Amino acid sequence: MFEVVAEVKKDYIANLLENGKRADERGFDDYRPIVVEKGVSNRAEGSALVKIGKTQVLIGVKLAIGEPFPDMPNSGVLTTNAELIPLASPDFEKGPPDEDTIEIARVVDRGIRESQCIDLDKLCIVAGEKVWIIFVDIHVLDYDGNLFDASALGAVAALLDTCMPKVEEDMVIYGEKTTERLPILHKPVETTFAKINKSIVVDPSLDEELVMDARLTVATDENGTICAMQKGGSGTFTQEEILEIIKRGTRKGSELRKFLE
Amino acid sequence: MVLPGELIAEGEYKLGEGVFREQGKIYSSVMGLVDEKKGYLRVIPLTGKYIPKVEDFVVGKIEDAQFSHWEVNINSAYSAILNASDYFREIDIFQTALAKILAPGDLIFAIVREITPTKKVYVTMADKMARSLKGGRLLKISPTKVPRVIGKNSSMISMIKKETKCDILVGQNGRIWLNGEAERINLAVKAIELIEREAHTAGLTKRVEDLLTVR
Numbered sequence: 001m002f003e004v005v006a007e008v009k010k011d012y013i014a015n016l017l018e019n020g021k022r023a024d025e026r027g028f029d030d031y032r033p034i035v036v037e038k039g040v041s042n043r044a045e046g047s048a049l050v051k052i053g054k055t056q057v058l059i060g061v062k063l064a065i066g067e068p069f070p071d072m073p074n075s076g077v078l079t080t081n082a083e084l085i086p087l088a089s090p091d092f093e094k095g096p097p098d099e100d101t102i103e104i105a106r107v108v109d110r111g112i113r114e115s116q117c118i119d120l121d122k123l124c125i126v127a128g129e130k131v132w133i134i135f136v137d138i139h140v141l142d143y144d145g146n147l148f149d150a151s152a153l154g155a156v157a158a159l160l161d162t163c164m165p166k167v168e169e170d171m172v173i174y175g176e177k178t179t180e181r182l183p184i185l186h187k188p189v190e191t192t193f194a195k196i197n198k199s200i201v202v203d204p205s206l207d208e209e210l211v212m213d214a215r216l217t218v219a220t221d222e223n224g225t226i227c228a229m230q231k232g233g234s235g236t237f238t239q240e241e242i243l244e245i246i247k248r249g250t251r252k253g254s255e256l257r258k259f260l261e
Numbered sequence: 001m002v003l004p005g006e007l008i009a010e011g012e013y014k015l016g017e018g019v020f021r022e023q024g025k026i027y028s029s030v031m032g033l034v035d036e037k038k039g040y041l042r043v044i045p046l047t048g049k050y051i052p053k054v055e056d057f058v059v060g061k062i063e064d065a066q067f068s069h070w071e072v073n074i075n076s077a078y079s080a081i082l083n084a085s086d087y088f089r090e091i092d093i094f095q096t097a098l099a100k101i102l103a104p105g106d107l108i109f110a111i112v113r114e115i116t117p118t119k120k121v122y123v124t125m126a127d128k129m130a131r132s133l134k135g136g137r138l139l140k141i142s143p144t145k146v147p148r149v150i151g152k153n154s155s156m157i158s159m160i161k162k163e164t165k166c167d168i169l170v171g172q173n174g175r176i177w178l179n180g181e182a183e184r185i186n187l188a189v190k191a192i193e194l195i196e197r198e199a200h201t202a203g204l205t206k207r208v209e210d211l212l213t214v215r
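So the sequences go chain by chain: A and B. This note's numbering puts the first residue of the first sequence at 1, with every later residue one more than the last. This note's numbering puts the first residue of the second sequence at 1, with every later residue one more than the last.
No wet-lab data here; the hints were simulated from the structure. Predicted model only: the values in this text are computed from it and were never measured. Mixed in with the good hints there might be a few duds.
Derived EDC-like pairs (lysine to aspartate or glutamate); straight-line CA-CA distance at most 16 Å [unchecked claim]: (1) B:K134 x A:D11; (2) A:K54 x A:E240; (3) B:K190 x A:D24; (4) A:K10 x B:E63.
Taking the hints into account, I'd like the entire structure generated from these sequences.
Here it is as structure tokens:
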């Protein structure tokens, strides 16, 4: 994800922000239009398609039976993967995941894991031997900025959509779903803020992401508990700015959560 | 309206862009509209990336400054090269680093000078229209819509320039640079976006004129 940005574009975006405006005429605290579609794939146990503006992310959840980690014999396993395919942006290359891809997967994973969104202990079948393994696969279909929020929102939506598959003699029969749902306890959502010069805006578009100094992603659950944070970019935040972002992030988070219903 | 590989005609035609001849038959190589005038056959593409042509004006973005040349992004599949000797004044490359004259991220208005058979593109600034672009705003449209923005004998772009009093440079590669008062730039951008959106419809000039004059 690297592109030389025209100085003209940089100055234009920065000047607008100084006057309290954004290039696409949104407010500093406005998201682009959000669409969440659940159950878009028959093959996956759970799936969701999320659109934030022109950004599009498809998330699939697959379930398998496998061995637990030795230090957590009574817990199911959560694995999150992301894929930035060349179809989504001219700057994405095929091949092994690069650091941006890994960052997205890890930030989404952390939001779900640390909020204790899924009751992993209920996914134990035989302690120390057999547990459910959850694969959350993030496919970026179209990149127009703010992949974090779209992926995190889609991941939780897909988990909520997931039905357990039928099991016979410890073999999973794919394609035959039961009505049983995953044990979901919390609904974490992530909100990303970009800092450009001195302005802080939510949901950065692609142009804003290209010129931003730094970004901060805050994951909160429905009680307003902060469960994960991730800072990126070479710029810095002051303590006051971080506190302000948390406040704004919690408020925007509760708005985003409505799309999960 | 034809698709790539579709048979258009047979017989004696002079071939323009977007068509090719195979065993005496003429096929389209792009999706677009067939245009036939005086035995001259071409397909006007509806979409697509910019394909450089010699003597095209382009708005380029400096991507890198080397010892004796700059690498220029011209919004195409091919990147272009601007040699130090093609800059509009003489540069002693042993005395000054090229990055001090044009740094990565700077915009230039240049002309395509040469395209080699291996599709290496050379641009030049040795022309009185060419310049480096400071300030203002950058707009990107589909390169196939550029002829509509310029209009017949550049009628459309002259009108926009006159009504908005903006300095506008249109590159054949789909990049447009505007400079002037912020409000007037916004108006010009709205006009250009209207042209891009409704490029294929009739009575476009009238609608653009209405947009520009009714305030």
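The hints, checked one at a time:
Between K134 of chain B and D11 of chain A, the direct Cα distance comes to roughly 10 Å. Compliance with the 16 Å bound is thereby established for this hinted pair. With a C-alpha separation of about 32 Å, the suggested pair K54 of chain A and E240 of chain A falls outside the 16 Å cut-off, and the hint is violated. A hinted pair counts as satisfied when its Cα atoms are at most 16 Å apart, and K190 of chain B with D24 of chain A qualifies at roughly 13 Å. Restraint check: the Cα-Cα separation between K10 of chain A and E63 of chain B comes to about 15 Å, which is no more than 16 Å; the hinted pair holds.
In summary, the one numbered hint that this structure violates is 2.
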